[in-house]
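Colleague: Starting from the known structure of chain X, fit chain S onto it as the hints suggest.
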Amino acid sequence: MMAGAEKFVEADNAEAIITRIEHKSRKIESLLKQNKPVEALKTALEGSPPMTRDERCKSANWIVVHRALMAIKDVEGMFSSLDPEYYDILMKYLYRGLSTGDRPTCDQCLRIHEKLTERAGLGCILRSLADTVNTV
Amino acid sequence: MANTLRLYLTCIRNTLEAAMCLQNFPCQEVERHNKPEVELKTSPELLLNPVLICRNEAEKCLIETSINSLRISLKVKQADELENILTKKFLRFLSMRAEAFQVLRRKPVQGYDISFLITNYHCEEMQKQKLIDFIVQFMEDIDKEISELKMSVNTRGRLVATEFLKQFI
Numbered sequence: 001m002m003a004g005a006e007k008f009v010e011a012d013n014a015e016a017i018i019t020r021i022e023h024k025s026r027k028i029e030s031l032l033k034q035n036k037p038v039e040a041l042k043t044a045l046e047g048s049p050p051m052t053r054d055e056r057c058k059s060a061n062w063i064v065v066h067r068a069l070m071a072i073k074d075v076e077g078m079f080s081s082l083d084p085e086y087y088d089i090l091m092k093y094l095y096r097g098l099s100t101g102d103r104p105t106c107d108q109c110l111r112i113h114e115k116l117t118e119r120a121g122l123g124c125i126l127r128s129l130a131d132t133v134n135t136v
Numbered sequence: 001m002a003n004t005l006r007l008y009l010t011c012i013r014n015t016l017e018a019a020m021c022l023q024n025f026p027c028q029e030v031e032r033h034n035k036p037e038v039e040l041k042t043s044p045e046l047l048l049n050p051v052l053i054c055r056n057e058a059e060k061c062l063i064e065t066s067i068n069s070l071r072i073s074l075k076v077k078q079a080d081e082l083e084n085i086l087t088k089k090f091l092r093f094l095s096m097r098a099e100a101f102q103v104l105r106r107k108p109v110q111g112y113d114i115s116f117l118i119t120n121y122h123c124e125e126m127q128k129q130k131l132i133d134f135i136v137q138f139m140e141d142i143d144k145e146i147s148e149l150k151m152s153v154n155t156r157g158r159l160v161a162t163e164f165l166k167q168f169i
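So the protein sequences, as listed, match chains X and S.
The first sequence begins at 1 in the numbering used here and counts up by one.
The second sequence begins at 1 in the numbering used here and counts up by one.
Bound-form chain X, shown alone (with noise of 0.2 Å):
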């Protein structure tokens, strides 16, 4: 679905992007409120704009899914229930959010990466610095 998007996002093509993830964040605003903070995260993953090279649409995918990463509350039970290929796109935001050095979020990301370190080990961290190309 993305692959048509590949090689050049034009600037209209990035307005219908940051529609998309505001669509996104409305969807994930009430899963939240039905208490399923594992189904907003995935609903934040799952279609990253990654091909973009548009930093508004890079933040503001990342604020989306900073809102569903901080209501997640027991790390476990999400690792539980979150598919594997989820893994990689995660860690990649992980990484942003404990470069934004804000306290509570950096607290969270740390407990979630120690989690996901131990699931999928370290060939994830690996794929999140290699990858210059998809950078979120």
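Don't read these hints as lab results, they were simulated from the structure.
One should not assume that every hint holds.
If you only want the chain S side, here are some residues facing chain X, beta carbon under 10 Å, derived [said to hold, decoys possible]:
id, residue
1, N3
2, L7
3, T15
4, A19
5, C21
6, P44
7, E45
8, L47
9, V51
10, R55
11, N56
12, E57
13, A58
14, K60
Below, computed lysine-lysine pairings styled on DSS-like, alpha-carbon distance capped at 25 Å [to be verified]:
id, chain 1, residue 1, chain 2, residue 2
15, X, K115, S, K128
16, S, K35, S, K88
17, S, K166, S, K144
18, X, K115, S, K130
19, S, K130, S, K35
20, S, K128, S, K35
Remember, it's a predicted structure, so these values are computed and weren't measured experimentally.
Glycine included, C-beta positions come from ideal geometry on N, C-alpha and C.
Modeller: This is chain S only, laid out in the frame that chain X set:
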């Protein structure tokens, strides 16, 4: 509080274990030269994404990797002016003796207190696990050292002041 320290050090340890995959790579631009690519940053294809791990607003750790070298820069927690001065002096003392440490960088990266530069040669001579243990142990010990130094400064100040003021009693 101690828990975040443990998580912070675990995160750094895991990231270092993944990032410390160094191999020999002679310079592409100049014949017969072998330079740590992370310092020069001339070829983007040789560099990995730099990673910034913050524990809070004051403490952070920047890990930059390349094909043959890895640079770790630390910013240590400094609560007040006194700790600021003590940290600066103490880490300057260590950086001056970087030869003895081998993996220490003589000048810290801009914005940080101390930096390490680990090259593939270090990984060949020394064990990767031991290098990582050294870095993490260093981070733990720095905090202890600085608080000890601060306490001894305060104690000495108090003693000196008491002795001096005794003559006025």
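Colleague: Work down the list of hints and note, for each, if the structure agrees.
Modeller: Hints versus structure:
| no. | hint | result |
| --- | --- | --- |
| 1 | N3 | 9 Å, holds |
| 2 | L7 | 4 Å, holds |
| 3 | T15 | 6 Å, holds |
| 4 | A19 | 6 Å, holds |
| 5 | C21 | 7 Å, holds |
| 6 | P44 | 7 Å, holds |
| 7 | E45 | 8 Å, holds |
| 8 | L47 | 8 Å, holds |
| 9 | V51 | 5 Å, holds |
| 10 | R55 | 6 Å, holds |
| 11 | N56 | 5 Å, holds |
| 12 | E57 | 5 Å, holds |
| 13 | A58 | 9 Å, holds |
| 14 | K60 | 6 Å, holds |
| 15 | X:K115 with S:K128 | 23 Å, holds |
| 16 | S:K35 with S:K88 | 29 Å, violated |
| 17 | S:K166 with S:K144 | 33 Å, violated |
| 18 | X:K115 with S:K130 | 23 Å, holds |
| 19 | S:K130 with S:K35 | 24 Å, holds |
| 20 | S:K128 with S:K35 | 20 Å, holds |
The earlier numbered hints that this structure contradicts are 16, 17.
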